[in-house]
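**Student:** Given next are the chains, with one letter for each unit.
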Amino acid sequence: MNEREPLKAAAAKHPASSLSRPPTQFFKIILHPLATAQARIDAWVMARVKRQPGPIAVSRHRVYIVPTRYGYGFAVMLLVMLLGAMNYSNSMAFALTFLLAGLGLVCMHHTHANLVNVQLRSGRVRPVFAGEIAHFEVLIDNPAAKPRWSLGLSWPKQPLSEISGDVPALSYASLTITQPAKRRGWLPAGVFSVATEFPLGLFHAWTWAELDIACLVYPRPAAAGIAPPASSGSGGLASGGKAGQEEFAGLRNYQRGDSARSINWKSLPKQRQPMVKQFTETLEQELWLDWSALPQLDAEARLSQLTRWVLDAEADGRNYGLRLPGLRLAPAHGENHQYECLKALALFEA
Amino acid sequence: MIDYLPQATLLRLLAVLALVLVPHFLRLPVWETAAVLSVGVWRALAALRQWRMPPTALKVALTFGAFAGVYASYGNIAGQNAGVALLTIMLALKLTEMKARRDVMVVVFLMYFILVTHFLFSQEIWTIAYLLISAVAITALLAESNHPGIALSPKITLRLGAIMIAQALPLMLLIFVLFPRIPGPLWGLPADAGAARSGLSDSMSPGDIASLSQSDEVALRVTFDGEPPPPRARYWRGPVFDFFDGRTWREGFRGRDEPPPTELLGEPIRYQVTLEPNRTPWLFALDLPALASLPENSRINVAYQIIVRKPVIERMQYSMTSHTRYRMQPELTEWLRNAYLRLPKNGNDKTRALAQQWRAEGLAGEALVQRALQNFRNEPFFYTLEPPMLGRDSVDEFLFETRRGFCEHYASSFTVLMRAAGLPARVVTGYQGGERNEFGDYFVVRQSDAHAWSEIWIEGRGWIRVDPTAAVAPERIERGSARTLGALDAAADAMSRSWNWSSIKYRLEARWDFVNAVWNDWVLGFGPEKQQEFLARFGIREWRDMILALTVGIVAMLSLVGLWALRRSSPPPVRDRALKLWLRAQRRVRRYGLEPRPAEGPRDFAERVIAAQPALAAPMRRVLHAYLKLRYLGASAPELERQLGRAVRALRI
Chain A
1 MNEREPLKAA AAKHPASSLS RPPTQFFKII LHPLATAQAR IDAWVMARVK
51 RQPGPIAVSR HRVYIVPTRY GYGFAVMLLV MLLGAMNYSN SMAFALTFLL
101 AGLGLVCMHH THANLVNVQL RSGRVRPVFA GEIAHFEVLI DNPAAKPRWS
151 LGLSWPKQPL SEISGDVPAL SYASLTITQP AKRRGWLPAG VFSVATEFPL
201 GLFHAWTWAE LDIACLVYPR PAAAGIAPPA SSGSGGLASG GKAGQEEFAG
251 LRNYQRGDSA RSINWKSLPK QRQPMVKQFT ETLEQELWLD WSALPQLDAE
301 ARLSQLTRWV LDAEADGRNY GLRLPGLRLA PAHGENHQYE CLKALALFEA
Chain B
351 MIDYLPQATL LRLLAVLALV LVPHFLRLPV WETAAVLSVG VWRALAALRQ
401 WRMPPTALKV ALTFGAFAGV YASYGNIAGQ NAGVALLTIM LALKLTEMKA
451 RRDVMVVVFL MYFILVTHFL FSQEIWTIAY LLISAVAITA LLAESNHPGI
501 ALSPKITLRL GAIMIAQALP LMLLIFVLFP RIPGPLWGLP ADAGAARSGL
551 SDSMSPGDIA SLSQSDEVAL RVTFDGEPPP PRARYWRGPV FDFFDGRTWR
601 EGFRGRDEPP PTELLGEPIR YQVTLEPNRT PWLFALDLPA LASLPENSRI
651 NVAYQIIVRK PVIERMQYSM TSHTRYRMQP ELTEWLRNAY LRLPKNGNDK
701 TRALAQQWRA EGLAGEALVQ RALQNFRNEP FFYTLEPPML GRDSVDEFLF
751 ETRRGFCEHY ASSFTVLMRA AGLPARVVTG YQGGERNEFG DYFVVRQSDA
801 HAWSEIWIEG RGWIRVDPTA AVAPERIERG SARTLGALDA AADAMSRSWN
851 WSSIKYRLEA RWDFVNAVWN DWVLGFGPEK QQEFLARFGI REWRDMILAL
901 TVGIVAMLSL VGLWALRRSS PPPVRDRALK LWLRAQRRVR RYGLEPRPAE
951 GPRDFAERVI AAQPALAAPM RRVLHAYLKL RYLGASAPEL ERQLGRAVRA
1001 LRI
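Quick mapping for you: the protein sequence lines, in order, are chains A and B. The numbering used here puts the first residue of the first sequence at 1, with every later residue one more than the last. The numbering used here puts the first residue of the second sequence at 351, with every later residue one more than the last.
The following block holds chain B by itself, in its conformation from the complex (with noise of 0.2 Å):
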């Protein structure tokens, strides 16, 4: 026997594979997606043809090309990417071998496991639907091919598997919330678990963000306490970068990491942040956060950039104040002042000679940063999402030359201008503004709204921000950036109540947006603190008092599915009135040993009943005269029926 399921059950395997399989063809190598659809089809057009099966040698083969494939593709066979390509693949070959009925279970099993590693991946609100469907279409599947013999039908097996999912959602519901949560990662987790690196990067190279400007990716999500800062105070410190190489900034080495010394000034600002995992080691906080209020496994380094021990691979919620008046660092030392001013040797000439002139004029300070915005203010420059391709004296093509660009133009070059007359300047790249959700009261602040600026250094009074984007576009700081621009126009429709198409998208984005929101923070954030939070409103405070009222929601459930499964397979209960009566009669009669026989009508037992009892003949007689009436003639008297009534009752000797 070649397969051990009929062939509508083989057909019906592959489908449901496929609609497994699916999401991971867009995660998986070319060569493999290539590889698991082809033996797919070969394996429906084997059941269909009748061809052979490969034979061992071949199947060895495969399995090593496999591996091999693995291996040369993410150069690993463990890892959550590796493994998952490696499990996708043996599952595939494991079609080439399906003889007994261990190789059916073996291939169900292994689909609902893959059904897991999606959620590696991706754990956004659709995946419940997702995760619903693939369960009822597996069970299905796997109650068809406990069946020898002929196919069910596919209604048969999905309404069994949609009724199996469905008494089994209230208990998934159950022990979600009450099933203990351990913290943190049991074994540690492989380098690439998690989402992929997003966002910011540890470098900054002339177009680095404006390719950011097109992602209408989430970067974090902002609840502010009281009163939101406005726009022009709402910047999201990142990396800090002072090393400069002619075309791309990096972070140079400071030397001892420790935090500035700053002073907080003004009215303390509170918020929580939901960050999205970046892969990065960064937290973002509003310009600049207190030390006292940094979350756990965080610090802050020499650039006043809040770094976390572990990157982040998945979403984090941290509370956080801040204060957007300070005075940080002061005092710089020799050698930092060296580290700020520091330029390459030779590029950007002309940079540095329009630099050297306003020094020769005596500008400093103030004044020097005042004369460097002006000249953007009063040149022709441009704010522009496409800014021109720069070549290795990026500086200088862009000030004199193109003098078209995004924000990490203006902020570089503005911070070489700086460094060139002799003023500590670095580069800061982040966050500006964010989106207002009217919904949920809270601001999202997206990929798109990535931005550099500078900082200038000022002997006494520290750090100061300098965004020189805020001169050549400041509707970019005060309204955000083009995305927030159109957002806000649709907003004042939508709230003027116009039904244009854009007000209509933006109520609907707003709405699907804290949806997203509520389901990241309740239900995909639902870890040890939240558990313990929520379940404390019910009085369940530790561990075994959950495991307690586990156990009893548990058997609560499982006995009503019980009970309700006992009653389906017991006999319809009986309606009619007589019949019931006429059954309750013969249960009397079943004391004296009398049974009615299979093929046995009521009349002719009756006469049996009496003659082996004749003392229950009048009673007898009764019962059957009004029995017979009821049930046969169609009378329907409720006198009638009492008549049956009173005379089964009188059935006794």
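The shape of chain A in the complex, shown without the other chains (with noise of 0.2 Å):
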């Protein structure tokens, strides 16, 4: 899957040669011409980003400025006081008017300042499960000896996303972007913008970067419901009574198919509802996650299926073996083996 086509469809939306345009657009840039120019400059520089593993130096060449609504506010508030001290010929409105004026182009340069030479790195990604929300943290590093204040990161075309932190100086600060993860697999950032306003709101100046992470979406688990298959080779769950090391090793909800001698006949009047005494044998106790159990669903299902019987063995603390078509992962038990059956899963092509 290439990540750029949503982007490549978004710019071939609006090309820079068409001859005939639609009436819509025609309209948009009357009366939004700011709004279109920006989107025009957006879309070109995005186009251009690389995606680079970091750290992204932010140099004086990729950072834009433009003044924001409130910096076109502020000019005509000038205007408006440059014209009441020409009407009165008060030189102190004058003098105010063109000290405000000057704040304003020292502005620009602050606000530049602000954000340039910052660097770029990717932090820690955890994986998540598809419906859930992705963080990618960023790290911005500073190495200048003054802080840098109010930067934000935020996607493109989505204003409201932004997350904003201060970064000291000679230190590093750490943002967290989030995502919808929707589908398995891995979800790569993207580009997204890092922008400041800072000192006075006037000016917007931000920079594009892509950096080279991506999260780990592992299939949504799917609802509790179908047990996981009998495992093949000897000594069972429900076996009991069976010669060999056995340690009891809890209570769970009788199911159907267990034997009514291995109900914990104790437990009754309390729970109310039969339980059955687990016991765990560490030797022969293995559980087989297969592919081909599942013959009804079709490939995404089966591989919620398999992810819900993942965790609810990892939860069971048993041991347990992953088989797919062309994968096969010996049975285990662990975090670590829990991160490779599930990355096998999230992973998978059919």
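Since the hints were made in silico from the structure, they are not lab data. Positions of the beta carbon are idealized from the N, C-alpha and C atoms, including for glycine. Among these hints, one or two may not hold up.
[Unchecked claim] Now the in silico label distances, taken between C-beta atoms and shown as ranges: (1) B/R402 <-> A/K182: 34 to 42 Å; (2) A/R126 <-> B/R934: 37 to 45 Å; (3) A/L79 <-> B/E447: 20 to 28 Å; (4) A/Q119 <-> B/L929: 18 to 26 Å; (5) B/T383 <-> A/R126: 56 to 64 Å; (6) B/M440 <-> A/W186: 52 to 60 Å; (7) B/R934 <-> A/W186: 38 to 46 Å; (8) A/H333 <-> B/I500: 40 to 48 Å; (9) A/L79 <-> B/E736: 48 to 56 Å; (10) B/R402 <-> A/L79: 34 to 42 Å; (11) A/A35 <-> B/P535: 37 to 45 Å.
[Claimed, not checked] Covered by chain B, according to a simulated footprint, are these stretches of chain A (three or more residues, beta-carbon under 8 Å): (12) 62 to 75; (13) 198 to 207.
Relying on the hints, combine the two individually framed chains into one complex.
**Tutor:** Now the structure itself:
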């Protein structure tokens, strides 16, 4: 899956040299000239952003700066003040107007300098399940001796998704942007913008960056319901009374098919439903989670179910193995093994 | 969310708002000051105690109430005073709705705007300090509001605000000098624009001029080209009154308003006047000004007073030539002569009787004048700053009963006497005297120098000035008003270097007045003419040159600011020489695709380099050895540094 396709599709929607523009676009240019200009610039720039593992140095050439709405409002206010000063021939009013004009121009440099020369690195990204939210941690390094204030990370065209923070001098800060993880597999962070409007909110300075970070998205676990297949090999769960080393490992709900002898009668009055004694056998209790054990479901549903089984098995503390077409993971237990299994499920290509 | 701003920022916003509004509190109606203060206090409490904001209906009602209140106070919602009042109350009401960033920005921008309105009322020199402090405070507040999350500490924001304003100051000076000034109002001024009315009025009743004697306000400043005239010649002509109703003098109808035929004699005296705004259409000049030297848009009326077309609402400078000897209007028409003889039918009978008695004695013309002045000298008349109140027959009461009065009493009664005796006479008001400022070599005429005197008409000789005050209190004429009296003593003390309080005070006041005069002249008076005059010295004449110089100047200054800002954003320069050389070595090795990893130390890096590029082994080892010695073993031999340098230079295949 080429992650650039959505971007290219978007860029294709507004081709630069199109001769026949649809009427809606024409009105858009008339009504919002600045917005369309900025959108064009952004599309052009984003198509040229290279994905880098980082650290990405935000140099002068990569920082763009435009006035904000408030910057234009400020300019209008200055114009009104200037006209008033000219009308009343008031020298102090001229002085204040020119002072504020100077302030606005100086602010442009301050805003630019607030962003320039930071470095972006990728931080930690924890895997999530499909349907949950992926968190991408971006580390911002400030090599200068002055702190950076109010740097904001956001996705393109989603100004409300901005997360801002300060970066102390000669140090770094961690900011996390989120994205919903819809499908399983690798979710790359994609292009995001680092922007600032500090100190006066009159100018918006930003840069586009694409770090080489991706979030591993596991399949969404199915709802509990279907029991895992009975394990191959000797010694199933409900064998009961078998010779061999058996340890009492707790109670679980009675399921159809369990032998009546394994019911724990002592706990029945308390629990009001039959509970079955569970035994762990260190030797031959293997659970194989098999792709072929679910012929009635489609591929994705099978993956979901397998995910659920993996999670349950891990929670139960059992050894489990995974068998997929083209992949076989020996039974084991523990976080690493769970990770391997889930990763395999996430990246499985039918 | 009730508030966009954190609580600390909101409280600081209220503090800055108070700073910005304080000077207006003295000018606004009382109800408005009370309203603004109460809204501010309520808002602070609402922030501290988490009260709810008022519902929309109440806000709308308050808005209407504000408009109604301003209209009730000023009769208008446009115009200078009403506009400022409206702006202030709207800003206060905006405090009740600050939910989004947009609201906060609007409030801050309004604060900047209110700063400008202060200067419509006062532009004195201390306002520069107020301007800078307020600008820094508002900028700091703006910086704080643009930092979402926890509020920044005031130390950081104030420092940032101060730095930005300091960087904007040179730009301000540059644009102030170079921005082309366009003369005159662009769309006209509202009726109440400019300064309030002060000083002399267009009528004179007993007590009017005395009330001005307490005011130290400057009326005009004069610089003479040559030798200044003596005090007894320093009469500054103002409104002339010829209609008396028994108590008050006013300007009567005089027919065609042209300058009377006048002959100016003697040597001309040239001078420049800086007139403070007084909202009247009068310009003041030494008796009598020459027609040819009148400033633009002004004319001389039938009473030889200089009138301008529009009232003087801002400080005005003009040059003038006067002659202290003249023959004004040697002929009077019958109609005019009667006008200058007219008295009300009834009232002031004793005065008329006295005048008739003198007529009966055969006195006429000059002799009559001398007789009247003698009367003032011989009878117990007193010149006092606090004359008793007079009733309906003001002249009678003054001449025969109270006999205590100020210049207007004397002038008025003298004129009435002359008219009753058949000599055409009129009252002239204006200023007399003026205090010399040694530092700037100019004269200051204050409202306390306001004076009233009389003019009588003699066939063939025209109007002749007669100042009855000179008969009663000659020192007033020779040495000036009571205030000047004190100043002259203090000046004498100052000259003799004696250090009592009054001489120090005098020195400071004189210096301060001089500074003020320069400020008025060069900064506040920086109009199109002054700008052209100033810039011509640098060879900039056309407005095109001005714009060019301005652009070049702004670009130059902004590049400096930009360079400064970039330097602050860059990593601090490496000072350690050994480290510098090591970094240079790293840069050379980068050519071969070898970058130090973040957690890799110099030794590991060097080993990796040697493993990847065996040809660099020998120089790399030398570099490593020297560098480690210098950096980590504390060796500081210059020889070692040179070795390191040589080794770094040798780092190539």
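**Student:** If a hint holds in the structure, say so; if it doesn't, say that too.
**Tutor:** Consistency of the hints with the structure:
1. B/R402 <-> A/K182: 34 to 42 Å: holds, 41 Å
2. A/R126 <-> B/R934: 37 to 45 Å: holds, 41 Å
3. A/L79 <-> B/E447: 20 to 28 Å: Because 26 Å falls inside the window, the suggested range holds.
4. A/Q119 <-> B/L929: 18 to 26 Å: holds, 19 Å
5. B/T383 <-> A/R126: 56 to 64 Å: holds, 59 Å
6. B/M440 <-> A/W186: 52 to 60 Å: holds, 56 Å
7. B/R934 <-> A/W186: 38 to 46 Å: Between B/R934 and A/W186, where Cβ atoms are some 40 Å apart, the hint holds.
8. A/H333 <-> B/I500: 40 to 48 Å: At 45 Å between Cβs, range holds.
9. A/L79 <-> B/E736: 48 to 56 Å: holds, 54 Å
10. B/R402 <-> A/L79: 34 to 42 Å: Given a distance of about 38 Å, which is inside 34 to 42 Å, the answer is holds.
11. A/A35 <-> B/P535: 37 to 45 Å: With Cβ atoms ~38 Å apart, the hint holds.
12. 62 to 75: holds (count 3)
13. 198 to 207: holds (count 4)
Checked against the numbered hints given earlier, the structure satisfies every one of them.
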